[in-house]
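Guided by the hints, dock chains Y and L onto chain F, whose structure is given.
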Amino acid sequence: MSTSTGVINTEKFDHKYDDEIVKYFLMATIIWAGVALLLGIYAALELANYKFNLGLQWLTFGRIRPLHTNAAIFAFGGNGIFAGIYHSSQRLLKTRLFSDKLSWFHFWGWQLIILAAAITLPLGLTQGKEYHELEWPINIAVAIVWIAFGINLLQTIRRRKEPHIYVALWFYIATFVTIALLYVVNSIEIPVSWFNSYPVYAGVQDALVQWWYGHNAVAFFLTTPFLGLMYYYIPKAVNKPVYSYRLSVVHFWSLVFIYIWAGPHHLLNTALPEWAQTLGVIFSVMLWIPSWGGMINGLMTLRGSWDKVKTDPILKFLATGTIFYGMSTFEGPLLSLKSVNEVAHYSDWIIAHVHGGALGWNGFILFGMVYYLVPRLWKTELYNKSLAETHFWLGTIGIVIYIVSMWTAGIAQSMMLNAVDATGHLVYPDFVQTVVRIVPLYYVRSLGGLMYFVGYLLMVYNVVKTIKGAPVALAASAKREEANPVLKLDTQALVQESISEGPHRVLEGFPMVMTVLAVAAVLVGTMIELIPMITSTNAQSEEFAAFKVKPLTSLQLAGRDIYVREGCYLCHSQMIRTTVGDVLRYGPASETADSMYDHPFQWGSKRTGPDLARVGGKYPDLWHVRHLLNPRDIVPQSIMPTYSWLLEQKLDLGTIERRFSVLKMLGVPYSDEDVKNAAENAKKDSIAIAEDLVKQGGPQGLENKEITALVAYLQSLGKQTEKR
Amino acid sequence: MSILVLIVPLALLLGLFFVGAFWWGLRRGQYEDLESPKHRMLLEKD
Amino acid sequence: MHLKSLFMITETLELTLCKHCSTPVPSSRNDFFCCAGCKAVFELLSTTELCDYYEIRKRSGTFKKPSPVKFWSEKGLGADPFAYLDVPSFRQDLGINSDQPQASFYLEGVHCTACMWLIEKLPEILPQHVANARLNLQQSVVKIEFHPQGSITETARALERMGYSPHLIKTPEQVQTLEKKDTQSFLLKLVVAGAAAGNIMLFAAAIYTGAGGWVKTYFDWIVFVISLPVFGYSALPLYQNAYHALQNRRWSVDIPIVIALAAGFMVSALSVWRGTDQNYLDSLTGLIFLLLATRYLLMRLQKNAFEGMQFFDSLVPVQVLNSLGQMVWVRDLKKQDCIEIPAGLTIPVDGVIQKGTSQINEAVLTGESIPRIAKVNDQVYSGTINLESPLWVEVQAVADDTRMGKILQEIQQFDLSAAPTVRMSEQVAKYFTGGVLVWSLGLWIYLVAEGGSVLASFERILSVLIVSCPCAFAIATPLALIQAYQILIKKGLYLKNPASLDSVTPVKRVAFDKTGTLTLGQFEVQHWEWSKSISPADRRGMMDCSCQLEAISQHPLSKAWRRYGEAFLSGITYTATRVSHFVEVPGNGISGIVDGHSIELKPSSGASELRSNDTHSGFTSVDFIWNGALVAHISFKDELRKDIPMVIRQLKQLGLEVWMLSGDQKAPCWEVARQVGIEDSNVLFCLTPETKSQWIKNHPETLYLGDGANDGLALKNAHLGIAVHGALDLSLKAAQGYLIQNRMAAVLDLFTVSSETQKVLVRHLIFTVVYNGATIAIASKGMLHPLFAAVLMPTSSLLVLVSTIWGTKALRKLKVP
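Chains as they are written, first to last, in the working numbering: chain F, 2 to 725; chain Y, 14 to 59; chain L, 8 to 824.
Please note: incorrect hints may appear among the correct ones.
Cβ-Cβ distance ranges computed for the label pairs, FRET-style [as the list claims (entries may be wrong)]:
{"hint": "1", "chain 1": "F", "residue 1": "Thr312", "chain 2": "Y", "residue 2": "Glu57", "range": "20 to 26 Å"}
{"hint": "2", "chain 1": "L", "residue 1": "Gly442", "chain 2": "F", "residue 2": "Phe331", "range": "45 to 51 Å"}
{"hint": "3", "chain 1": "F", "residue 1": "Lys52", "chain 2": "L", "residue 2": "Gly220", "range": "37 to 43 Å"}
{"hint": "4", "chain 1": "L", "residue 1": "Trp221", "chain 2": "F", "residue 2": "Phe331", "range": "36 to 42 Å"}
Keep in mind that the hints were calculated from the coordinates and are not lab data.
The C-beta atom is built at its ideal place from N, Cα and C for all residues, glycine as well.
Next comes chain F alone, as it looks inside the complex (with noise of 0.2 Å):
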């Protein structure tokens, strides 16, 4: 770009930002939290009265409650990040996005994988794994354009005209860099058919990988890049310097060398290791110190002109946003204290803990980013600044009845659940005596959701008058600007930039983008190898060698697989705790060995219902048949939806005999005929449990149905293990 010499020529300096993908992530964002926030209302009144679940399967809380957390996390959250990410970094590098086909690629395939998800979730077409549901060829979609997004960013810093690279893009570059490698490392699975797959590991070792991935997820998802989002739209929208570069830098960097051991703090007293879990809780208290580091830049930032945050909206969210991130991250490490953690696990109080991060620290920053963006992009005023103030004040106050409601159930319920008496017996020993008394708060809580909504409305409608109000001739103009052939430049640009600038741009060239996906390709290679090799020593391995345990057999496995379609373990777990209250409740603490062969292991994160890990043999098939059925004909109280298609619905036995295979191949000690013959021991052993049951004066006709899979799988667990 030659300058005339003598008159100032603008044009140089006033960089072409491409804002046109901005915008559709921002609307993108803004359609998707509203979908996110329907289904968490929804999901929420589904608690409170099981009407809700309208008996329909594709209804029920084990399919909508996956949908729901995607939508929240990967959906809202995702767009939300990625207009960010793209507004500021254009910004802060002084450059355009490196190639508009990959900007256009990668909101479209996000959008495609959430529609994708939308679509297979509902259907039950999931892994069973919590924040990881997503089927495998959606996983590799989301991989894929996960690399889209990882080289538009890289290239845009490597192409950058601003040579500091400022904090928040450090943030942007670990938040690729780390979900890439976790997102790829937690979908390690073997196809089975189109839409069903094994993942590798089993049991407690999937556990661990699982919660590693977990954690981080809502670490390097829902954190690292709202920390960057807040070291940017704080200061420019307060426009005064962050208050100390020097400790943002530092807490950055301590806090990406040491990013292992965050994952056991959601397994504490299980059947972890005990020195796993001390680590856990180690590690997740001094996370503590770095995530407060980055709460107390972000506040004083904002020192000397609180009283902008009283007049601003968007002050006021930022400013809420980074409280409440602060307050979740302090409750974090509290909850991972493993006494405290005796009574949260499991509990509602970790539903608060999650809806304060999300509703508070995610929801809030982006709905300030929203604000902050709008009269920006489409280059007008916001239509009604109090009406952003009220959808501030019922957001905040939505949010406080969320989480005091939840506190109040969780707690509630694990003092009873634990209560001995005198004579070291439990006080509340039916489960459902709990649920009865914390149902109403369900109720709160769904109002708080519901005022949560009403406030994004608010914003919707705002938005709405908005960009309709925006000059037209500029949205126009906007347009013209936008569309001219950048396309062409790019890639000539490079070229020729990177061969003026040295060997040393050179080098940085397209081979840089090579290497890093060869690399990336041999890590994955290798790893497909070296986990069966590891998985299947996992047997042999001595501290299994205490146990002797059955595999499941075909109709179980059908059962099982049924099981995780439902998403029974939304509510049931199946890990007995190490605690005085599970022991007696349930039996004896669940060993490693239970869960040995259980590819995905489902020992669940949150006991809606009791826990299911010994349940085998307790109550004959009839009872499981009709409880199945109609749940309040058993237990009058209960809020267990209605599962009435299982009677209805044939076994699908299609696939059974390569699942075998599958399986054996992961280490599971299935012989050969097991393999060859799984469908027809399957159907004897459903023809069987038919008869029992219409002996026992049960309904008529069940065999090969779902039901007799269901039934079988459920007598099974506890049973499998016995000591050697």
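For chains Y and L alone, kept in the frame of chain F given last:
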């Protein structure tokens, strides 16, 4: 717990990557002046 | 002044604010600008599209940044101060290559985001010269990349117009990059150690909390592998210190640490190999990380202390017209070059005058403030000022090898170890480390003799070696001196060597020189006594002629004379032709013929009828002799420094004797002494430089404050000499300190800083003795695991460091600018 044979090296690799990223930043003079960036970012008109 | 207080003032006095720098402007003036500079900048900004400068400034708060030291800008050097920047030879020398010219300037007056915005808009303001401009707000240094044919002078002028007077940073690029490189490599070592120690801590915690079987061996090996870069790379500085110390048989703090590291590593490696649980790698890597952290903090503190010094070297005059009339850069001149030095310019080189005569003020070198007449073939030195008429000088010596250059070089180096306290603390550190080594060896032998296993007792020795830390001596003492040195600079007193702080404690008496120290050295006519026989009309004629004569001499008295004359006659036109036979003899007045009348002005000597009734006998007085007859008697008084009485009163409260030593006569000395509050017994007058320095010699514990220009000898011999004014370079040759701002209270600060620093040092001494005593005892009993030792020791040095920075209440009060 044999999965540790996989996760621990990967995590250390990640840590190593970030030490390398820090070294690259240091080499390229990213930490010479930690005072001006926080002001300069305000100047870019949004 | 803070904006808020400004408004209070404007409310009461209805002053309007200058549009640019918002200082109050009397509203009588209609143009709303406090000075031409602001007007020019305002116009510049409003013409180009830079007018939103004020808008940005309004939104961003001000970012007050005191510039390190006020120093001489090149403004006073002739027509265009920046012309030399474009001279090709100058560029080569400074290493500015032609294809991508780059230069960095220190800018005065940078104080907020708007300044950064304006400065970094240079490429827009001068698109044909500047390619890129980046400002480092912390140091107020802008690094500018020019187009190949862009002119640096033009850019410097633009910066000047914008109100930021630029000063080219002369330290060549390589020096800075070199210094930058080693801090960077140290930082990298610190980061590697930190990352590794963090990870190792987690794996070690896993083993401590019960990881057994193959997991323990797996983790042991991982800890071992990760610790290799820490021992191999990060700990290099520790090994180097220890090696250098051993090489020249000096003890250093690092010796026991390195021994502990080496022994600990071997034992741990053995335990990893054999699978036992004596793995101390987590303690040792943690120790290395924390040690490097404290060293890095210390390095940063020392680096900031000397940052202020860097710009002193831009004092030597740089540009001059050569015989061909071009602007030539001084360093470029070679022997036998002939240069022209216009009137009023500092002579940049040593050389011999070829043509022209003029008066030269050599106060910088000789201390004699009365100018010397220089004729053809006279020797002239760089740094002296050519007052009267242009001189053509043949160059003999340039830049560093001129007399002034040598003085400057000698001043720049100082080394801390000269200070007795630092030397004493190094000695103590030496004996301490030796003692610890001997003690731990003895303990080990004793334990093994008692039957304890070699390895088990080794753990105790390891703890002793790690936990012992003479850090108070090794780190804190030099840092305390540097801290004090920094505070004094802020208070306007520049010490040549921080070590001289030690010599403040024994001082019992303070001696002041009169002229220039107690007084400002600016004479004013106190009383003009005409003899009765002179009529008013004659008086005006005589006054006019005497002023013509005085116009030639540079003596301070003549300036006062002329000021009085101009006030008396309300303006005089000076024409040199009216004066002839001008004779000036230093010490006894001037004489000459003006319009045919012979005039003689000499110090009054002996009783004369005018003197006897002179009520102001206490002042320097001059007789006015017109054609041989005494017509008038004039007495001069010298302005007192405002804060002197308060300073002397407080010095007395500190229990110090206060003396006055002066070369002036008795009467003026007693007069000033009385005003200032010094007893007559402590006043010595009519002293020659020799007798003055003799008196100082036989009163050893004296702090002497004198005029740097002509008191060189006395300052040199004083136990502690501080030059009040005169050329920085000469006085620092003689004295230890130099008052940058003429704020005498700095002397008081010197005493408070020195006594407070002593308190801090004593506090560290006690802490170290208690800390080492306790920890070595506990470690020797085996109750201190190496892990806790590795945490305790660096924490103690961190504590000492923080307590040095924390200083005392008084020191902190002084730190506030």
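Cross-check of the supplied hints:
1. F:Thr312 / Y:Glu57: 20 to 26 Å: Given range 20 to 26 Å: holds, Cβ gap about 25 Å.
2. L:Gly442 / F:Phe331: 45 to 51 Å: The hinted range 45 to 51 Å holds for Gly442 of chain L and Phe331 of chain F, with Cβ atoms some 47 Å apart.
3. F:Lys52 / L:Gly220: 37 to 43 Å: Violated, at about 53 Å.
4. L:Trp221 / F:Phe331: 36 to 42 Å: This hint holds: roughly 37 Å between Cβ atoms.
The structure fails hint 3 only (numbered hints given earlier).
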